[in-house]
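Please take these sequences and the hints and turn them into a complete structure.
Residue numbers (the working numbering), protein chains in the order written: chain A, 14 to 99; chain B, 19 to 362.
Watch out, some of these pointers could steer you wrong.
[Claimed, not checked] Covered stretches of chain B (in silico footprint by chain A; criterion: 3 or more residues with CB under 8 Å from a CB of chain A, positions within the stretch not fixed):
# : region
1 : 132-141
2 : 192-204
3 : 296-304
[Said to hold, decoys possible] Here are the computed lysine to aspartate or glutamate pairs in the DMTMM-like style, where the Cα-Cα straight-line distance is at most 25 Å:
#  : chain 1 : residue 1 : chain 2 : residue 2
4  : B       : Lys166    : B       : Glu290
5  : B       : Lys20     : B       : Asp231
6  : A       : Lys91     : B       : Glu294
7  : B       : Lys166    : B       : Asp86
8  : B       : Lys189    : A       : Asp54
9  : B       : Lys166    : B       : Glu348
10 : A       : Lys83     : B       : Asp293
11 : A       : Lys83     : B       : Asp157
12 : B       : Lys152    : B       : Glu290
13 : A       : Lys91     : B       : Asp63
14 : A       : Lys91     : B       : Glu348
15 : A       : Lys91     : B       : Asp121
16 : B       : Lys107    : B       : Glu27
17 : A       : Lys83     : B       : Glu286
18 : B       : Lys280    : B       : Glu199
19 : B       : Lys166    : B       : Asp63
20 : B       : Lys107    : B       : Asp63
21 : A       : Lys91     : B       : Glu128
22 : B       : Lys280    : B       : Glu106
23 : B       : Lys166    : B       : Asp224
24 : A       : Lys91     : B       : Asp293
25 : B       : Lys189    : B       : Glu294
26 : A       : Lys91     : B       : Glu199
27 : A       : Lys91     : B       : Glu194
28 : A       : Lys83     : B       : Glu294
29 : A       : Lys91     : A       : Asp61
30 : A       : Lys83     : B       : Glu27
31 : B       : Lys280    : B       : Asp157
32 : A       : Lys83     : B       : Asp224
[Stated by the list, open to error] Quick list of simulated restraints, FRET-style, between CB atoms:
#  : chain 1 : residue 1 : chain 2 : residue 2 : range
33 : A       : Thr93     : B       : Leu122    : 25 to 33 Å
34 : A       : Ser40     : B       : Gly203    : 18 to 26 Å
35 : B       : Trp94     : A       : Leu92     : 40 to 48 Å
It is worth saying that the hints were derived from the structure and are not from the lab.
On a predicted model such as this, the values are computed, not experimentally measured, just so you know.
Idealized CB from N, CA, C, for every residue including glycine.
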Amino acid sequence: MTADMTPKAPVPVPERSLNSGNAAPVSIVACPNGPLLIRGDFELVGADGEELPRTRRTVALCRCGASVLKPYCDGSHKLTGFRSEP
Amino acid sequence: MKQPSPRGEISTLVLNTITGTVDAGQDSLARLATLVEEAVAAVPDILYDDDLQLALFCLYELHYSGIDEAGDDWEWNPDLLRVRQQIEKAFERRVRDEVILGDLPGTTSEAVCAELFRMTGADSGPSMSRFVAKSATDDQLHEFAVHKSIFQLKEADPHTFAIPRLSGRAKAALVEIQADEYGNGLPARMHSALFARTMRELGMDDTYGAYLDAAPAITLATNNVMSLFGLNRRLRGAAVGHLAAYEMTSSQPNRLYSRGFKRHGYGEGATEYFDEHVEADAVHEQIAGRDMAGGLVESDPGLLQDVLFGAAAGLAIDTRMTIHIMEAWESGRSSLRPSAAMAS
Ligand code: FES
Numbered sequence: 014m015t016a017d018m019t020p021k022a023p024v025p026v027p028e029r030s031l032n033s034g035n036a037a038p039v040s041i042v043a044c045p046n047g048p049l050l051i052r053g054d055f056e057l058v059g060a061d062g063e064e065l066p067r068t069r070r071t072v073a074l075c076r077c078g079a080s081v082l083k084p085y086c087d088g089s090h091k092l093t094g095f096r097s098e099p
Numbered sequence: 019m020k021q022p023s024p025r026g027e028i029s030t031l032v033l034n035t036i037t038g039t040v041d042a043g044q045d046s047l048a049r050l051a052t053l054v055e056e057a058v059a060a061v062p063d064i065l066y067d068d069d070l071q072l073a074l075f076c077l078y079e080l081h082y083s084g085i086d087e088a089g090d091d092w093e094w095n096p097d098l099l100r101v102r103q104q105i106e107k108a109f110e111r112r113v114r115d116e117v118i119l120g121d122l123p124g125t126t127s128e129a130v131c132a133e134l135f136r137m138t139g140a141d142s143g144p145s146m147s148r149f150v151a152k153s154a155t156d157d158q159l160h161e162f163a164v165h166k167s168i169f170q171l172k173e174a175d176p177h178t179f180a181i182p183r184l185s186g187r188a189k190a191a192l193v194e195i196q197a198d199e200y201g202n203g204l205p206a207r208m209h210s211a212l213f214a215r216t217m218r219e220l221g222m223d224d225t226y227g228a229y230l231d232a233a234p235a236i237t238l239a240t241n242n243v244m245s246l247f248g249l250n251r252r253l254r255g256a257a258v259g260h261l262a263a264y265e266m267t268s269s270q271p272n273r274l275y276s277r278g279f280k281r282h283g284y285g286e287g288a289t290e291y292f293d294e295h296v297e298a299d300a301v302h303e304q305i306a307g308r309d310m311a312g313g314l315v316e317s318d319p320g321l322l323q324d325v326l327f328g329a330a331a332g333l334a335i336d337t338r339m340t341i342h343i344m345e346a347w348e349s350g351r352s353s354l355r356p357s358a359a360m361a362s
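See below:
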């Protein structure tokens, strides 16, 4: 099909402009037998409300309890044989 | 990269050829083709052949940082590529011999991810990380850094070649991982820069390729297998599988490596590389298994075998390197090439 046979499609409007102040939606993946993987624009704070040290956008939060880098996952769930399903 | 010292007839001729002009190289190319043909037929095990592994490493290097005094026009010279393919073919055949895939999992992303975690969780021989944590001497830590430096000073580069060959979810996942590897825009946070810092803290030269002469053939083979997968589009599934397995076998060993360096009194400057990988790779392994490898197989189920092959091949060749190093250390020898003095 050549270009002029196609009716001109409207240019899609981006759902949000960068700098609009609208944050990217957050997604949380519950990784089977592993951590919670969190993507998007979110803030990670401690019990005192202060932001926790963080060096990457996407993080994995420990949900097995065995990590020595809590709240982040350090892969220890594999050593302890953590199962997320009963 | 600085020119390495040749290790035999073939690597000598490769280096001589690429440091001359293309016009002057025609005769040596013809001779090279003959020599390689004979060598790949006669070699007992190409994985341990210094001359062929170094020749292949140098031919691949033309696609990365280049080699001092080698003209840039050699990169796509068809006659030189033909020589590379002769070595590559024998190498790939050997790597395939190394891998036996069991029952294939389903082609959903979760099934692929689970299979990769199973493969990487299976015990695969001696543990270098436990040894480094508990018993390695300071000299052995320096040797360890030599082996690692061949790749870590260009960490992430071979798999980056796969980016334009993927699409959708798998591509986004690979880019997400690589962005982290490359420091998310901060040059000092690039993993290769963190490793360079470790080397400086150890009093070593952090120039890319500075210790190439000391690295045995099997260490070069672990690098060449990544370039084989990264530079051949037909092997994009293997590149993805290789990276996934690499990320999945990284967090815990890096924690132990860090412990070994701390034990010898090295500070944060030396251990940050390893500490960073504990956290980073706990994230990367999830993205790599599920979104990158799993995403690729979901969109292209025909690549399932290639993905698993890449993962298994990386694990197998890395295990061989570990065995080489541990055997040397256990018998009180250096794991580096004897002829190459370790300048530090
Ligand atoms: S979930 Fe990974 S260490 Fe706890």
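> Taking only the CA atoms, is the gap from Lys280 of chain B to Asp157 of chain B under or equal to 25 Å?
Replying inline: Given that 25 Å is the threshold and the Cα spacing comes to 14 Å, the pair holds.
> Lys152 of chain B and Glu290 of chain B: Cα distance at most 25 Å?
Replying inline: Cα-Cα ~19 Å, so holds.
> According to a criterion of three or more residues whose C-beta lies within less than 8 Å of a C-beta of chain A, is the region 132-141 of chain B covered?
Replying inline: holds (count 3)
> Within 25 Å, alpha carbon to alpha carbon, are Lys83 of chain A and Glu27 of chain B?
Replying inline: Not satisfied, since the Cα-Cα distance of roughly 54 Å exceeds 25 Å.
>> What's the verdict on Lys83 of chain A and Glu286 of chain B, does the C-alpha distance respect the 25 Å limit or exceed it?
In response: holds, 19 Å
> Does Asp61 of chain A lie within 25 Å of Lys91 of chain A when you go C-alpha to C-alpha?
Replying inline: Outside the cut-off at roughly 31 Å; violated.
> CA of Lys107 of chain B to CA of Glu27 of chain B, is that 25 Å or under?
Replying inline: Judged against 25 Å, a Cα distance of about 19 Å means the pair holds.
> Taking 25 Å as the top limit, are the C-alpha atoms of Lys91 of chain A and Asp293 of chain B close enough?
Replying inline: holds, 18 Å
> At the C-beta level, are Trp94 of chain B and Leu92 of chain A separated by a distance inside 40 to 48 Å?
Replying inline: Between Trp94 of chain B and Leu92 of chain A, where Cβ atoms are some 47 Å apart, the hint holds.
> Cβ-Cβ distance between Thr93 of chain A and Leu122 of chain B: within 25 to 33 Å?
Replying inline: Holds, since Thr93 of chain A and Leu122 of chain B (Cβ atoms, about 29 Å apart) stay within the stated range.
> Given the hinted pair Lys91 of chain A and Glu194 of chain B, is their alpha-carbon gap at most 25 Å?
Replying inline: holds, 23 Å
>> Next pair to validate is Lys91 of chain A with Glu128 of chain B; report whether the Cα-Cα distance is within 25 Å.
In response: holds, 16 Å
Violation of the numbered hints given earlier is confined to hints 11, 13, 14, 22, 29, 30, 32; the remaining hints are satisfied by the structure.
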